[in-house]
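Engineer: Below are the chains, spelled out letter by letter.
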Amino acid sequence: MQHVDGNALAGDLADLFGVDLTAMIASCAHCGARGPVAGLVVFRTAMGSVGRCAHCDAVLVVVVEHEGRARASLGGLRALEAAPVQ
Amino acid sequence: MTRAAWHVATVAEVRDETPTARRLTLEVPTWPGNEAGAHLDLRLTAPDGYQATRSYSIASSGDGTRVVLAVAEVPEGEVSPFLVHDLRAGDQLEVHGPLGAYFVWRPGGAAAGAEASPLRPVQLIGAGSGVVPLVAMAAAHDEGADATPFRLLYSVRTPADVFFADELRAFAEAPAPTRLGLDLVYTRDAPAGAARPPGRLTPDLVAELAWPVEQRPRIFICGPTPFVEAVAGWLVAAGHAPEAIRTERFGGA
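Going down the list, the protein sequences come from chains A and B. In terms of numbering that gives the first Met the number 0, the first sequence opens at residue 0 and continues consecutively. In terms of numbering that gives the first Met the number 0, the second sequence opens at residue 0 and continues consecutively.
I should point out that these hints are in silico values taken from the structure, not numbers from a laboratory. Positions of the beta carbon are idealized from the N, C-alpha and C atoms, including for glycine. Please note that the accuracy of each hint is not assured.
Just some of the chain A residues that point at chain B, by a computed CB distance under 7 Å [as the list claims (entries may be wrong)]: (1) Q1; (2) N6; (3) A9.
Hey, can you work out the whole structure from these sequences and the hints?
Structural biologist: This is the structure:
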């Protein structure tokens, strides 16, 4: 399956958090790489989305929907930082 | 930043965009407006309750309740064949948006995430239907008479496959300060009199047609995943700062 990127997580994450996270900087708990959420390697299926570190491939974010409610697992994220100043 | 929400959209108009894509104009009474480059998630629900959601870039921007999409058919796809072949004016859809704070261009030089610097030119690079969010940016630039130098490098199979061809031509013929520099690279069939024979983009061609490194362009690339990753890699190898490059990958070609 061809991957997309973290831009495709915008809607699912906005449903949960109420804001757009894609311009925020994520750091990987596995390798420490930092980059915008939009740059994650994302696989989307009917069951949900998986976002992986573009550097080491570790799973950072999993978003699934069950019975109309979204659930995100963020265990692979070390930190989220506000988007750089515009 | 406008808060995203689910909206009910009514199809106002459908028209052929290319032989394999359709332009959909949606009327969304509750739409809060969107930035240039934003996308939305579109959800279809089957009679048995099965739902499928896909992301589509928005070709329009600004205030107003009209939202323009251009959808390319993905053969064997679950959603796009319906949108391209079956959707009719008057039909209703569920859309979630506006989405995306990253792959957006804001007039006046305040690009998302970049330092305010009106003199840094903008380079748009798109392939196939990946040009859609770039059209929104070029349109916002044109409508706002923004003086930021803008170029678009558009890789497309044949002249018939060009999305928003009339609009792009008009932007490229606008008065000098806001004129869009437009370079079309045809990968399969080039029209008579084209600048070069058909062929895929190469690192040399990108270097020739994009703003040079010294001008520190802000770069937006959108297209199929392999295209975006190849072109972004060439630009970094050529000396462009990775932070200056914003990408959006939509998967298969």
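Engineer: Hints first: check each against the structure and report whether it holds.
Structural biologist: Hints, one by one, checked against the model:
Of the supplied interface hints, the one on Q1(A) holds, with its beta-carbon coming within about 4 Å of a beta-carbon of chain B, less than 7 Å. Annotation: interface hint on N6(A) holds; nearest CB of chain B at approximately 5 Å, less than 7 Å. A distance limit of 7 Å between C-beta atoms decides the matter here; for A9(A) the minimum to chain B is near 4 Å, and the interface restraint holds.
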